[in-house]
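Peer 1: Top line first, the protein sequences correspond to chains W and F.
Take this note's numbering: the last position of the first sequence gets the number 305, and nothing is skipped along the way.
Take this note's numbering: the last position of the second sequence gets the number 305, and nothing is skipped along the way.
Hints are supplied without guarantee of correctness; some may be wrong.
Which copy is meant is left open, so a pair is good if it fits within one copy or across any two.
[Said to hold, decoys possible] Listed next, the in silico SDA-like pairs over lysine to any residue satisfying Cα-Cα at most 20 Å (straight line):
id, residue 1, residue 2
1, Lys250, Arg235
2, Lys269, Val302
3, Lys250, Ser240
4, Lys225, Ala101
5, Lys269, Phe305
6, Lys250, Ala284
7, Lys250, Ser191
8, Lys269, Gly26
9, Lys225, Met197
Simulated from the structure, these hints should not be mistaken for laboratory data.
2 protein chains.
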Amino acid sequence: MAAVLGGDRVAVARAISLVENELPDGETLLHDLFPHTGRAYRIGITGPPGAGKSTLTNKLALHYRREGRTVGVLAVDPTSPFTGGAVLGDRVRMHDVELDAGVFIRSMASRGSLGGLSKTTAEAADVLDAAGMDLILMETVGVGQSELDIARAADTTIVVLVPESGDAVQAMKAGLMEIADVFVMNKSDRSGADQAMQALITILGLRQRTAPAPPVLATVAPEGKGVDDVADAVRVHRESLQAHGGLLQKRRERLENRITELVVGRVRKQLWTPERRALLQRGADEIIRGTRTPYDVAHELVETF
Amino acid sequence: MAAVLGGDRVAVARAISLVENELPDGETLLHDLFPHTGRAYRIGITGPPGAGKSTLTNKLALHYRREGRTVGVLAVDPTSPFTGGAVLGDRVRMHDVELDAGVFIRSMASRGSLGGLSKTTAEAADVLDAAGMDLILMETVGVGQSELDIARAADTTIVVLVPESGDAVQAMKAGLMEIADVFVMNKSDRSGADQAMQALITILGLRQRTAPAPPVLATVAPEGKGVDDVADAVRVHRESLQAHGGLLQKRRERLENRITELVVGRVRKQLWTPERRALLQRGADEIIRGTRTPYDVAHELVETF
Numbered sequence: 001m002a003a004v005l006g007g008d009r010v011a012v013a014r015a016i017s018l019v020e021n022e023l024p025d026g027e028t029l030l031h032d033l034f035p036h037t038g039r040a041y042r043i044g045i046t047g048p049p050g051a052g053k054s055t056l057t058n059k060l061a062l063h064y065r066r067e068g069r070t071v072g073v074l075a076v077d078p079t080s081p082f083t084g085g086a087v088l089g090d091r092v093r094m095h096d097v098e099l100d101a102g103v104f105i106r107s108m109a110s111r112g113s114l115g116g117l118s119k120t121t122a123e124a125a126d127v128l129d130a131a132g133m134d135l136i137l138m139e140t141v142g143v144g145q146s147e148l149d150i151a152r153a154a155d156t157t158i159v160v161l162v163p164e165s166g167d168a169v170q171a172m173k174a175g176l177m178e179i180a181d182v183f184v185m186n187k188s189d190r191s192g193a194d195q196a197m198q199a200l201i202t203i204l205g206l207r208q209r210t211a212p213a214p215p216v217l218a219t220v221a222p223e224g225k226g227v228d229d230v231a232d233a234v235r236v237h238r239e240s241l242q243a244h245g246g247l248l249q250k251r252r253e254r255l256e257n258r259i260t261e262l263v264v265g266r267v268r269k270q271l272w273t274p275e276r277r278a279l280l281q282r283g284a285d286e287i288i289r290g291t292r293t294p295y296d297v298a299h300e301l302v303e304t305f
Numbered sequence: 001m002a003a004v005l006g007g008d009r010v011a012v013a014r015a016i017s018l019v020e021n022e023l024p025d026g027e028t029l030l031h032d033l034f035p036h037t038g039r040a041y042r043i044g045i046t047g048p049p050g051a052g053k054s055t056l057t058n059k060l061a062l063h064y065r066r067e068g069r070t071v072g073v074l075a076v077d078p079t080s081p082f083t084g085g086a087v088l089g090d091r092v093r094m095h096d097v098e099l100d101a102g103v104f105i106r107s108m109a110s111r112g113s114l115g116g117l118s119k120t121t122a123e124a125a126d127v128l129d130a131a132g133m134d135l136i137l138m139e140t141v142g143v144g145q146s147e148l149d150i151a152r153a154a155d156t157t158i159v160v161l162v163p164e165s166g167d168a169v170q171a172m173k174a175g176l177m178e179i180a181d182v183f184v185m186n187k188s189d190r191s192g193a194d195q196a197m198q199a200l201i202t203i204l205g206l207r208q209r210t211a212p213a214p215p216v217l218a219t220v221a222p223e224g225k226g227v228d229d230v231a232d233a234v235r236v237h238r239e240s241l242q243a244h245g246g247l248l249q250k251r252r253e254r255l256e257n258r259i260t261e262l263v264v265g266r267v268r269k270q271l272w273t274p275e276r277r278a279l280l281q282r283g284a285d286e287i288i289r290g291t292r293t294p295y296d297v298a299h300e301l302v303e304t305f
């Protein structure tokens with residue numbers, strides 16, 4: 001644990017592997033590290049496949065490094081097995097920051113994870129937090145509920161769109177409107193970018209009445225264009241959260257979700273005592289014979305608690 | 001319920017909406033319908049985005065209709081909000097079977113679902129099963145754990161790849177090797193298709209030692225090429241399952257998973273009694289003050305069961 005707290009890269013990598021593989025030692029370690037967390041600022045970066053999230057993440061990491069801050073990057077992409085080429089390409093572009101000791105980059109590949117990707121990612125972020133990273137960038141493709149949960153587990157969430165990734169209505173349907181603190185229209189040098197930005201701003205203006213609408217920023221990530229603006233918008237959002245007690249409230253909500261997930265996970269693990277397993281087996285037999293339904297049997301099992 | 005059993009389209013659509021929105025009436029209905037399920041054969045169709053799953057599903061539905069069998073189609077695509085154009089395009093091509101009374105097509109759009117997409121899809125399949133559909137095609141993009149779970153909930157699982165969707169090693173990483181009963185190399189008129197098929201067959205031959213390797217079939221779905229072969233491979237797999245008691249075993253395993261999910265879902269719902277909520281609140285306060293960790297608090301909560 002001391003090695004993780006000291007920021008030892010090998011120890012940090014090992015700790016994240018423990019967490020990722022959901023080994024029993026992992027939970028003990030997380031428990032011990034927890035008092036040392038809470039200092040890092042967590043930034044979620046999400047959006048559709050091909051929006052250029054990895055490049056933007058890379059450029060943001062570089063930006064923060066130039067300010068002298070340490071950066072942890074967690075790249076979660078459950079679709080990557082299909083697009084290995086693209087992901088590898090993106091990671092190659094990560095190269096320029098990779099050898100810098102102030103950056104720790106990790107791909108999360110826990111699609112088979114029992115506890116869910118969002119739990120594992122939040123725990124890996126805890127490890128990086130305890131290891132002294134100032135900022136943690138959590139990059140995930142926004143295709144499923146668990147990926148949205150990862151983004152939601154950040155202090156500030158950046159949603160990256162491209163002119164072609166469909167209009168604002170589609171981002172709305174995907175639940176991205178609700179989680180975005182900052183919108184980025186990447187590849188903004190492409191045709192249709194202005195219209196796409198305008199449409200987004202219009203819809204945001206219609207929807208958000210109580211709070212100010214999140215900013216919509218234009219970037220061309222490979223050239224680094226607009227990246228300073230994104231970092232600036234993150235800073236403004238962070239300051240506004242801190243000024244209004246929003247950061248503490250956000251972290252408290254996350255804490256409650258975290259505890260709920262831990263409790264449900266433990267219940268799930270402890271569920272199948274020999275007695276309940278026998279009930280389940282008998283229930284399954286009866287369902288197959290047509291005398292009961294899964295709903296009956298589940299009810300009976302819940303009653304044993 | 002009688003209307004659903006009679007195959008009334010409006011009643012079936014309404015029942016699926018109840019299930020999809022996780023309304024309390026939905027569970028009562030599912031309980032009542034359950035004794036009438038088990039007759040339909042469930043086929044999962046999965047693969048990377050852009051593999052042509054929708055077109056293949058459409059052509060398979062047509063194939064089965066020509067045999068005089070009724071077909072339910074559940075299209076689950078959590079990525080669709082980003083690719084509305086493509087999905088709409090695919091659905092337009094569904095047009096030719098859509099107006100046929102022997103086909104029921106439904107898109108599942110429950111990315112916010114509490115119980116998970118796989119639970120909701122299995123339950124929607126139950127509704128179609130009770131409504132008298134002979135075959136249920138469950139189409140989902142294989143990008144996340146819950147989408148793989150949907151495919152796994154089928155009697156026969158078809159994995160659709162295209163020459164460009166990466167090599168067999170990548171399909172292996174994505175967990176598709178484990179779930180495939182039939183492999184389809186779609187768009188097999190493209191260059192590289194033969195090599196991609198050969199690579200897949202080689203790897204399958206290396207991996208599967210006890211059971212025969214799943215067949216690898218070539219299709220060009222928009223032209224209907226190879227679709228009869230796919231239907232044939234499904235039939236062969238079905239007969240082999242039935243001959244060896246595998247179908248019953250598969251369904252029994254699914255039943256046990258289903259019950260587990262129901263129990264965990266109910267525990268989750270009943271978790272927050274006023275007493276436990278008070279424990280949680282106090283625990284969160286103490287964690288924020290730095291005197292406890294989420295792991296302590298979760299442990300204390302589990303002890304109250």
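Peer 1: Each of the hints needs a verdict: does it hold here or not?
Peer 2: Hint check results:
no. : hint            : verdict
1   : Lys250 x Arg235 : within (16 Å within a copy, 53 Å between copies)
2   : Lys269 x Val302 : both (15 Å within a copy, 11 Å between copies)
3   : Lys250 x Ser240 : within (13 Å within a copy, 54 Å between copies)
4   : Lys225 x Ala101 : neither (25 Å within a copy, 55 Å between copies)
5   : Lys269 x Phe305 : both (14 Å within a copy, 14 Å between copies)
6   : Lys250 x Ala284 : between (43 Å within a copy, 12 Å between copies)
7   : Lys250 x Ser191 : neither (38 Å within a copy, 51 Å between copies)
8   : Lys269 x Gly26  : within (16 Å within a copy, 28 Å between copies)
9   : Lys225 x Met197 : within (16 Å within a copy, 43 Å between copies)
When each numbered hint is compared with the structure, violations occur for hints 4, 7.
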